[in-house]
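Both chains are given apart, each in its own frame, so use the hints to dock them into the complex.
First to last, the sequence lines map onto chains A and B.
Sequence positions in the first sequence follow the UniProt record's numbering and run 1 to 1057.
Sequence positions in the second sequence follow the UniProt record's numbering and run 1 to 160.
Please note: incorrect hints may appear among the correct ones.
[As the list claims (entries may be wrong)] Here are the simulated distance ranges between beta carbons:
(1) A:Gln603 - B:Glu52: 44 to 50 Å
(2) B:Glu58 - A:Leu529: 35 to 41 Å
(3) B:Glu52 - A:Ser432: 21 to 27 Å
(4) A:Gln716 - B:Phe99: 42 to 48 Å
(5) B:Glu52 - A:Ser493: 19 to 25 Å
(6) B:Glu52 - A:Met579: 24 to 30 Å
[Said to hold, decoys possible] With a straight-line cut-off of 35 Å between C-alpha atoms, the simulated DSBU-like cross-links for lysine-lysine are:
(7) A:Lys729 - A:Lys624
(8) B:Lys133 - A:Lys674
(9) A:Lys624 - B:Lys66
(10) A:Lys365 - A:Lys909
(11) A:Lys754 - B:Lys133
(12) B:Lys66 - A:Lys649
Please keep in mind that the hints were generated in silico from the structure rather than gathered at the bench.
Where is the CB? At the ideal position from N, CA and C, for every residue including glycine.
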Amino acid sequence: MAQPAGAPTGQQPYSNGPVQNQLMHSPDGQGYSPAVPGSYSHQMPAKVPPHQSSGQYSYSGSQNVSQLNNYQGPGQTLNRPPVAAFSGSPVQQPGPVPQGLLPVLQNSAAVSSAGSFPPGASPPVLSNWQYSQPPVSQPLGAQTSPLAGVPGTGSAQPPSSLPGSTNPAGSYQYAASPGAPLLQNSYMKPGSAPPPVTQPLTPLHPPRPPLGPPPVGGSPRPSTAVAGPPSAQFLQKSAANQEGDAMPAASDGSVVQNSYDAIEGGGLMAAPHYSPAAPNLKMNRSVGYSYPALPPGYQHTSPPGAPGMNASALQYPDGSKHFHQPAMGTNHLTASMGGLSLQQEGLRPVNLLQERNILPTTLLKAPVPNLHEDIQKLNCNPELFRCTLTNIPQTQALLNKAKLPLGLLLHPFKDLSQLPVVTSSIIVRCRSCRTYINPFVSFLDQRRWKCNLCYRVNDVPEEFLYNPVTRVYGEPHKRPEVQNATIEFMAPSEYMLRPPQPPVYLFVFDVSHNAIETGYLDTVCQTLLDNLDSLPGNTRTKIGFITFDSTIHFYGLQEGLSQPQMLIVSDIEDVFIPMPENLLVNLNENKELIQDLLKTLPQMFTKSLETQSALGPALQAAFKLMSPTGGRITVFQTQLPSVGMGALKSREEPNQRATAKDIHLTPSTDFYKKLALDCSGQQVAVDLFLLSGQYSDLASLGCISRYSAGSVYYYQSYHRKHNPVQVEKLQKELKRYLTRKIGFEAVMRIRCTKGLSIHTFHGNFFVRSTDLLSLPNVNPDAGYAVQMSVEESLTDMQVVSFQSALLYTSSKGERRIRVHTMCLPVVTTLSDVYLGADVQAITGLLANMAVDRSVSATLSDARDALVNAVIDSLAAYRSSVLSIQQPGLTAPYSLRLFPLYILALLKQKAFQTGTNTRLDERIFTMCQVKNQPLVYLMLMTHPSLYKVDNLTDEVMFLWIGKNCGQGFITQVLGVPNYGSIPQNMTHLPELETAESIRTRAFISWLREQRPFFPILYIIKDESPLKSSFLQNMIEDRTESALSYYEFLLHIQQQVNK
Amino acid sequence: MAFTFAAFCYMLSLVLCAALIFFAIWHIIAFDELRTDFKSPIDQCNPAHARERLRNIERICFLLRKLVLPEYSIHSLFCIMFLCAQEWLTLGLNVPLLFYHLWRYFRCPADSSELAYDPPAVMNADTLSYCQKEAWCKLAFYLLSFFYYLYCMIYTLVSS
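Looking at chain B on its own, in the form it has when it is part of the complex (with noise of 0.2 Å):
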């Protein structure tokens, strides 16, 4: 029984990994909201409906972008520790979504970092049901990976 660095690594990320859930339950929550208009055909016409609808999209979109660098730079925090607990596993694990996440955010138009999420661009059916899709993975993952810690962690604390 020993309070390693690596254990103390998987603890924190245990936490984390938790709130990277969350995250991916609310992407999954407001990508949904994005896609349908709970209101009925004849009300969607109705043009203070549309002012409503738009400001929610805005809104949205807003706190969408707001989580973009929170999420990745709490996964690239991740990264670092294991790399700094040297376990490498676990870090192998993690290197294609770490790479996923940078492609993503450099990726976007070289003009203005503002781009991604914005209100237009999200609303197209296809980008929305890519993102929707991709939250749905992330989901998968930080489940599995937060199952992954916790062993991991009673694994370094037990067996040492």
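Pulled out of the complex, with its shape left as it was, chain A reads as follows (with noise of 0.2 Å):
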């Protein structure tokens, strides 16, 4: 049995780099019980005829495989376990034959696989094998002509003609039942503690004998919500590992400490909490999804008594998964079981004004394109690809006709449990459109291939045909870099002109009297104090540190001073650096004069009364430190700055705010942006903390990030005493800051299937030439939009594809590539283009339109296209695609919950009209559209509501309705009655019962899902927050918004006009 990921590696020969190759395999290992591979490697010596895997790779010959194909086999994605659907809910998983649960979950499987798959459908399960498996080929040569048969065979198979098709319910089942409990094991293993511990987890973890097994009846559910976040931490780990770091915190964040016990916690509390029969909480009826304010319309729709329960116990499971990778398990059962009448489903037009329970029971996860399943299986992860019609129009008047928007979603630096990195001595690609090779590619024979992007076709070098992970030659098709559409390259020296830079961390702090009086400095002292050793990095990191207030101060830290030194340029018209080799130092050599120097910084200042602020210069003086080698420049803020080059004027009026049509947007000064572009040329990227109580002018601000490819981060009113929740805040999300993976002078570049034309991108970057973005740093919490339109036609192509690829420097100093490529179906008719439709996405790009539209224009009127692109995109539905004109408000399946994304959109900080909302938060909200990957901004856009009754935001809400249950505030909130809850609570108390302990676990699990830590807010009926609460209850009627009901009556009236 392979190795979990941690474990030594090097066993297995692999010319060129063993650890990946351990890595890359281990975890197909895992998912397949070694004795089945085993046995058939023992059966059938490898050997392939190569015509028939010439044939295998020919994918345009398997393109129109009915829509019952889209089973998504077990071992799809190598990130994630692939059975985990089947594992139980922890108190049930650990005996070694959970025999209550697993023979039923095993059958639904068995059934649905058959069911979505023709008869003689065993090319699934071996595929996987082979593709786990690389020695046993065999099956799989023997397997191939059943498979290019599929399109002909797999036309319609009823779910009921399973009974009939024993051989591929069988065979599934043998793969099935072994895999199962065996894989749950050993992908617990490394998430828990030591490998030998097979045993049930259940000793680890104190408060679950108490709680007794949830009952059986809800299994399924639980179950996978348990299955999903073990993995998660799983992945975090095994990528640690991979990246070869030497210090796994610095890669992981703080995101995975702990994960296992929360997730237990949050799983175990899902099940008594929910289900039916004993609920601990008096469940409030106006916290659930149907609210008492609704239209009478709103809660006919579910019997009376159920739709409470019901929205969230559904929605607990949903929120657990939001985080780890799409958990292939549930997608998997999903998919499987659902996965016939999914499709059919996609169909089916939706009237929103009568169904209104329209919310999914699981997390809406991106629709899988119609693909062969052998290219689908290949596919990327949608989490780090993402297009907004999963089905591409053909021609543009086609796309032009759908009123969609047509883009990717990229998420291209995530944190990822396993890539699979390749150190080879030559990279291939299109020799001309330079495309890396990729699974979508054909191979003609063995000595060439076709680049699924330009179609062109290319020679396939002498390296490239021995396989190093089989050992065999000639088969240059079963290379990682054609069985991966994530994939790292270590690259060569052609792709460094110059020696990789060091990570280099400047960081420059306000110590004006308004700062010193905030008291951040000696949050931000102490939390860099106490992770400078997990900083990622090697022995050549340097280090630097400037202050400023209406001069610029250094830091000397040069070897042999016996404490640092302060050198203080009061020349703000005209920065010079003094001395500038001592300023900049290795951290590891002067590790000492810069901890004595983080000491003392905070009290350095306490009496200082400067109160200008002069951060232009301090930015040009950080700049001009920065130029020669490039790296991070972390900037904390306080006020507007007000002296030297850069200096700002307060431009906000608050009685303006509420005119959507003055508010300033735009950049006051273009010296941040030109500023911006100078680090960015330079390799440099600043990332701002905006610490502020007042107006600050975060759009000027901001452009020194944006530009720079940095990140913004605020917080409004921090203060140390008087908002201490900030003060948490602050100190956790700067240590994921800190800790967090960085690449260094990085570069992008998307490249897309010939005919198809990238025209925008969102994201924070500068885009150097058409198609290629300049990250100076790169962060595994940046996301990144493109638009695209079709320029030519894609007639006689069956699929497109499209690759990115980002060049970076990562912190221990090797210049890699990491690539991902997607492959997507062409479709020619109006139909298919919305059965394809990623709402999700699809309101992201929205989203990220919306924001260009408000600076460019004004706000109104990008509220009035986001409105107009629900109208639009119905009414051209309406019209083209329904033949029967139904009354109502009609949507197909696939955008059922488009317009309730919009109004929650409209609702958001960033777009919202009204007098609530300050400048900066509103423009802080908008960098967040642009720069957050998609899985974060659609939980800004449309929190989760769960049964705990707490609402989970950048903050996170816990509700305390006046009727709540006497049990739950006395054991919970640790106070006596309602009345005694007092008014600014935020934190749970530390009480020894069983119901505190799971709130609290549950909490900070979903705390640790997020790269953000959202504060929780305790609030009661009467609370002044109360308003913040109700404003993400997006289908309520507020005072300046429309309700979801009247919202829909909007949109009907404007379609149907």
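Rendered as structure tokens:
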């Protein structure tokens, strides 16, 4: 059995890099019980007739598979534990053979998988084996011809014919039954503790026994919920290992810690809390998805009593899956169980006015492209690379007709679980378009491959014929490059024309009177001190500090000094750097001096009365200091810069906030933009932490980060004493910020198949030449979006591909290229385009476009554009797809949540109207829309509501209704009754009751899933924060915005015009 | 044969039109330069090249910005001259472009007029292709009007 990723590597021979090889294949080994492939390999020695294998790889031949074939094989993507869906909830799981649950599940799996396969569907299983266990190539070879025949046979195989097709069912079960328990154990291992512990994990977790097992009836859902998180942790771990990072913490960030406990807690909570039998909490109806305020129609939809339960019970697993890689397990389960109905349902129009319960019961997943399952299983993970239309329209005319935006959403530098890394002397790329070789190219024969982006036929280099994984010569299509849609190359020397830069971090602190007053310096210095060792880097890491008020202070940290030497430059008009060689110093060699400085820094300025802030000159100085090397500048600013270059004037007029017309979303000076471009040219990124009580003109300041590929953090009214929750938030986010992975001097290029063209990019970067994004720094929390158009019609193409390649220098000083490739089918009819619409991606892209629009035109323009996007697409659907004109508002099934999401966007801080949004806050939200990956954006837009009565957003709210159960109040909140809950409670007391432990575990689990740290607010009915909570109740009516129902009526009116 | 004010206008505009044609050609070349990075992809990823490329982009954008006002003012000078010379047909032909220029000039975001042709905005493929199309259209317009002015000049000189 393959060891978990953390185990020592190197046993497997891989000429180019044993570590990568091991890692690349270990998950599969885990996923598939060793017994099975093992026995096969005995029976069938490896010999593959070349013609068969080549046939297998000409994908174009098997494109037109019926929809039935979108079954996703368990091993579909490398980085997800394949059979997780079968895992029981933790309570049931531990036994070696979970009697009660597993057979049922297996059955359903077998049934459904067989159902979604034509008879003779053993290929998926076998091909998975082949995929995971390269030596076993014979069975695959034997099966290739049936595979090729799939399109023919698989036309329509109703699920009822299952009993007939014993072969697939049997073979599948064979794979599944040994696979499930084994896999479960093996993949829990890395998460929990030392490998030998295959035993139930129960003892590890104290709170479990008192709680008792959850009802079996609810098992599938809790089980999926629980199965996910460990995988997330597993992912993180192996990512760290695989990156070869000496310090796992450095690349993992804080997210990993403890997550196992939390998950367990969360999972356990789920069962008792959500089981209808024993609701610990009295469900307050006003918190569920049915609100008393809603028009009667809302409550009709589901039987009384049920709706609240329903919504939240289902919501829970929902949330739990938010963050780990779209839990392959669940994905698989639903895909196999609902694969059939899903596709048909996709065509079903939904009357939005009548069907109100449209929120999915599980997490909304990206639609699965309708591709041959062989290709689909190689396709890129939708969390990394996602397209708004998973069925690409053939012509621009068709796209225009659909009235939906076409674009991609990327999260290229996401922390990955399983990232195959290839160290090879050659990187095979297309000679004309420079595309990296990927799983979707076709091999014409052994020596030639055809690029899937420009269709040029290229030669396969001699070295590429040898497959280091199987150690077989003449199998170029089995190389890892051709087996993984996400892969990382170690760049050979020709990719670096200068030596890779060392990691350089410069911290710039505002130490004016105002800044000292907030007391942020203590927190920051302490956090920095704690994490100094986990800064990603190597022996070359350099660090430096600058502080500024109306003058600029540098700190000499060279060796030989007994204490840091402070140098003050008061000439801010023409900044110069005193002794530049001593200001940025090696972190390891001068650690004591640096620690000294960080300890004394907070006290140094306590008596300062200087109120001016010379941010502009300080940034110029920082830029000058950094430009020889490049690196990262972290700026802490607490007020409007007032002297020197880049001084700003307050532009916010509180009474004008209401009018959406004259708000200042554009920068007032281009000083920061210019400086950012200079930084970009020198490979310097600037991250801005704005901790400000008053208006600080983030619109202007934000430019410094936006064009230098940095990120912006905003802490409104930060104060050490008055606002302690912000302190905690800063601490946690800063920790994540300091320890997360980082890539330097990066460039990203996105290529797509000839005929499509990319025309607009969204995110933080500078576009250097139409398709090349310059990213001085890249971090795992940054997302990007691009808009595309169909330039030439895509006739005679069945699929199109997209490839993003990110070239960066890792903190270890290696030049690496991370390549993601995605493949999507092309369709010719409008109904197919609607069928493949990915409503989350569309919302994400529209939000990005709306930010641009509100900057270039006005906010109300942007709002109108958002509403029009819904109206136009639904009107187009109504007029051109629906044959029968029904009354009401009909939407395609795939877009049923579209109006809801758009309404949520309109109610979001970035786009809402009304007086309660401060300008900086609004701009910060816009920055986030631009810079966040889709998952977090959707979470921000449409937060999940959990039954514990809390709502997650960037902040979390714990809503305590008036008629909340007495038990909850005493046992979780630790106060005697409702009246004595304090007004501004932000922490749950640590009580020794089971409820309290569970609630806290659940909340910490929720927190661990995000890169930002949400503050928990406990809100009562009469609390002043009530409005911020209610603002997230998207379906409700607020003073300035429509309720969901009213919004639907408005749209209906427009559509039917 | 009479040297009228109209004839003078046409002569002057002929000369200035030649200048505008050069402007338009320069624009086309500049946008082309912005669009394509003539380095090999590997070179493009080189940080040293990045600096050079960025400086290039900034320089081009700076020049583009410098040229906006001269071009627009030359063209409005035409319109004023033809208005004074009471050449209504010629004026009518030029008025649409005049309005377009006014719209372009004042549509820039209110807070700073510097934002026309600023590097991050121009480098957007969408904007870039729009600008390039605009430059080609202007070139065609100026070329046609050059010959039209030439004809008109001779006509006014000969006719009266």
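How the hints compare with the structure:
{"no.": "1", "hint": "A:Gln603 - B:Glu52: 44 to 50 Å", "verdict": "holds (45 Å)"}
{"no.": "2", "hint": "B:Glu58 - A:Leu529: 35 to 41 Å", "verdict": "holds (39 Å)"}
{"no.": "3", "hint": "B:Glu52 - A:Ser432: 21 to 27 Å", "verdict": "holds (25 Å)"}
{"no.": "4", "hint": "A:Gln716 - B:Phe99: 42 to 48 Å", "verdict": "holds (45 Å)"}
{"no.": "5", "hint": "B:Glu52 - A:Ser493: 19 to 25 Å", "verdict": "holds (21 Å)"}
{"no.": "6", "hint": "B:Glu52 - A:Met579: 24 to 30 Å", "verdict": "holds (29 Å)"}
{"no.": "7", "hint": "A:Lys729 - A:Lys624", "verdict": "holds (32 Å)"}
{"no.": "8", "hint": "B:Lys133 - A:Lys674", "verdict": "holds (27 Å)"}
{"no.": "9", "hint": "A:Lys624 - B:Lys66", "verdict": "holds (28 Å)"}
{"no.": "10", "hint": "A:Lys365 - A:Lys909", "verdict": "holds (25 Å)"}
{"no.": "11", "hint": "A:Lys754 - B:Lys133", "verdict": "holds (22 Å)"}
{"no.": "12", "hint": "B:Lys66 - A:Lys649", "verdict": "holds (27 Å)"}
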